[in-house]
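Student: One-letter residues, chain by chain:
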Amino acid sequence: MIPYIIRRIIQSVIVLIGVTIIVFIILHLLPGGPARALLGPRATALQVHEFNVQNGYNKPFWIQYGDYISHLLQGNLGYSIHYNQTVNSLLAQDLPKSVLLVGLSYLVSVVIAIPLGILQAVRRNRPVDYTLTGASFVGYSMPVFWLGILLILVFAVNLHALPPEGPQGTTIGAVLAQPLGLVLPVATLSIVTVAQFSRFMRSAAIDNLVQDYIRTARANGLSTRAVLFRHLLRNSLIPIITLIGLSLPATLSGAVITESVFNYPGMGLLLWTAATVRDYPVLLGFTVVVGAATVVGSLLADVLYAVADPRVRYA
Amino acid sequence: MALVRESDAEIPPAGSPVPAEAGAGSLWRLIWNVFFQNRLAVLGLGIIALMIGFCFVGPLFYHTNQVQISMYQVNQPPGARHPLGTDNVGYDVLGRLMLGGQSSLEVGFAAAILASVWGTAWGAVAGYVGGWLDAVMMRVVDSLIAIPYLLVVLILATIFVPTVPVLIIVIALVSWLATARLVRGETLSLRVRDYVLAAKGAGVRDRWIVVRHIVPNVIGTIVVAATFSVADSILLLAALSYLGLGPPPPAANWGGMLSNGLTYVYDGYWWLIYPAGLAIVLTVVAFNFIGDALRDALEVRLQQR
Chain Z
12 MIPYIIRRII
22 QSVIVLIGVT
32 IIVFIILHLL
42 PGGPARALLG
52 PRATALQVHE
62 FNVQNGYNKP
72 FWIQYGDYIS
82 HLLQGNLGYS
92 IHYNQTVNSL
102 LAQDLPKSVL
112 LVGLSYLVSV
122 VIAIPLGILQ
132 AVRRNRPVDY
142 TLTGASFVGY
152 SMPVFWLGIL
162 LILVFAVNLH
172 ALPPEGPQGT
182 TIGAVLAQPL
192 GLVLPVATLS
202 IVTVAQFSRF
212 MRSAAIDNLV
222 QDYIRTARAN
232 GLSTRAVLFR
242 HLLRNSLIPI
252 ITLIGLSLPA
262 TLSGAVITES
272 VFNYPGMGLL
282 LWTAATVRDY
292 PVLLGFTVVV
302 GAATVVGSLL
312 ADVLYAVADP
322 RVRYA
Chain C
450 MALVRESDAE
460 IPPAGSPVPA
470 EAGAGSLWRL
480 IWNVFFQNRL
490 AVLGLGIIAL
500 MIGFCFVGPL
510 FYHTNQVQIS
520 MYQVNQPPGA
530 RHPLGTDNVG
540 YDVLGRLMLG
550 GQSSLEVGFA
560 AAILASVWGT
570 AWGAVAGYVG
580 GWLDAVMMRV
590 VDSLIAIPYL
600 LVVLILATIF
610 VPTVPVLIIV
620 IALVSWLATA
630 RLVRGETLSL
640 RVRDYVLAAK
650 GAGVRDRWIV
660 VRHIVPNVIG
670 TIVVAATFSV
680 ADSILLLAAL
690 SYLGLGPPPP
700 AANWGGMLSN
710 GLTYVYDGYW
720 WLIYPAGLAI
730 VLTVVAFNFI
740 GDALRDALEV
750 RLQQR
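If you read the sequences in order, they're chains Z and C.
Using the working numbering, the first residue of the first sequence is number 12, and each one after it goes up by one.
Using the working numbering, the first residue of the second sequence is number 450, and each one after it goes up by one.
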């Protein structure tokens, strides 16, 4: 198992380097390079030249990449033009709020999706299964922004039960002080994730139900409930960990839209603004952070998998 | 989502017996039967057929002006002249639904096909050649998967003017990864099969082996991934349109109509919100039903091996 973990760590480092190379290439794909993107189309050739010298953009490509990496290793993600702040300080301010939103919706999703998936597996091809399958497909097929607006229409406009807007405030404490405002954004993000997770859980549970250990447990006279919750649930939980790691980039994409629908002051809203004003350092700095989080997350999931499941053999 | 699905797919163990030639005809019939026994799949096929007819044949019978705006008939509720009302610049909503559906479906299909071709080529080469090339190619895929696709699309869409061909390429660029992984996985087991080894021994060139012997045996997996990819592409186009990066007017797509209509959500102009939204959901659900059934049908084939 140790050689496997070492190999996975080396692989992750390579993938991380790959992420930085991709980000670096994107930065240089910009028409006219970063100078044009940041100074605008009216900048004179002299201004562009000065900018390039100041920022080292006139150096050879590989030296620039080296500089970029050394900045990254020092934890310097870049400087936002639009906000006139370092990307680090923007991240420090807005990332926790997005982590809260995404974390809550994962929590809600897992708590709902696991029993749903098991129920569907046990009642496979019965009306309950068909209904839930249909419902999860519909949930997954809704454009996120439409789903958010429909929830606002029903719960905020018609029922007056919940605020139509996410919690406002710059600190995470201010956000937590308005828990009601979190309900609709979390619900929007969760509906899509529940649809996804319960489908996965269903097929994982179906695979597990025919395994020998279930038959043995049944033969030993265990009640159906004990079999399901003590044996099936525990064995189906492990793949869910991997699933969370894998779905993180997609969920963050959903969070960008959810935050812009509910005007939730997190990273997604910041990104959307950054995209509309072409604030590339913010976009790229965030890309590196999310890439790193995903790579490290899936590494942890795999290691956990190897530790938790002795049946898994790695060649 | 595509990533999630891949873990459900089964990869046949290397060296498992190849289906006998004599049984091939009945095998495909079996797959056909399993697919059409799935009521949801048949429903999905029906919905897609109706949608294609509605969007591409509909305008031949239902003529509307979708280029010139008309400020005299703005935001009119459904009535005799406009069965689904008009939008905020006076376009007939029913006619626009057809036009918008055309580009939504075109982008969905074209991006899925492009992504499948590229992903298949990438995965087949990586899996067949193996060694360090495989390692490098798959780390590229891993790196791209670690980046949220919406971010890549956002950056690309701000660099290029978002016309329909550009959007097709941009969406395809973020959708080929799952296909590449799946095809690579299957190629790894296919390349040590007897018929591939026999072809190699007979001196057949590698390129021809991949095209003639590897890809045809992975086609089921590719088609399943492509079906899901159509659904995801239509959703991604809608998301881009909501973020203001869709094709600009007078071009139309369902996502653009929907996000445009959402501006009037508090005015009660329901005809601007529900028809386009329902069209998206129906189409995406239909493609997902078909993909799901195809995968089940394919698993029958895998069990037969």
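In case anyone wonders, no lab produced these hints; they're calculated from the structure.
Incorrect hints may have been included.
Said to hold, decoys possible - Stretch-level coverage of chain Z by chain C, calculated; a stretch enters the list once three of its residues show a Cβ under 8 Å from a Cβ in chain C: (1) 12-26; (2) 78-87; (3) 227-240; (4) 279-292.
As the list claims (entries may be wrong) - Which residues of chain C face chain Z? A partial, calculated answer using Cβ under 8 Å: (5) Ile-562; (6) Asp-716; (7) Phe-738.
Keep in mind the model is a prediction, meaning the values are calculated, not measured.
Backbone N, C-alpha and C fix where the C-beta goes; we use that ideal spot for every residue, glycine too.
Student: If you count the residues of the region 12-26 of chain Z with a beta-carbon closer than 8 Å to a beta-carbon of chain C, do you get 3 or more?
Tutor: With 3 residues in contact (Cβ-Cβ under 8 Å with chain C), the coverage given for the region 12-26 of chain Z holds.
Student: Within the assertion that chain C covers the region 78-87 of chain Z, do at least three residues meet a Cβ-to-Cβ distance smaller than 8 Å?
Tutor: violated (count 0)
Student: Using the nearest Cβ pair, does Phe-738(C) come within less than 8 Å of chain Z?
Tutor: Cβ of Phe-738(C) sits 7 Å from chain Z, so the hint holds.
Student: So, Ile-562(C) near chain Z? Judge it on the closest CB pair being under 8 Å.
Tutor: Violated, about 20 Å.
Student: Was the hint right that Asp-716(C) lines chain Z, CB cutoff 8 Å?
Tutor: At about 11 Å, which exceeds the 8 Å cut-off, the nearest Cβ of chain Z leaves the hint on Asp-716(C) violated.
Student: Do three or more residues of the region 279-292 of chain Z come closer than 8 Å to chain C, measuring C-beta to C-beta?
Tutor: holds (count 6)
Student: Verify the coverage statement for the region 227-240 of chain Z against chain C, using a C-beta to C-beta distance below 8 Å and requiring 3 or more qualifying residues.
Tutor: violated (count 0)
Figure legend: structure checked against the earlier numbered hints; hints not met, in rising order: 2, 3, 5, 6.
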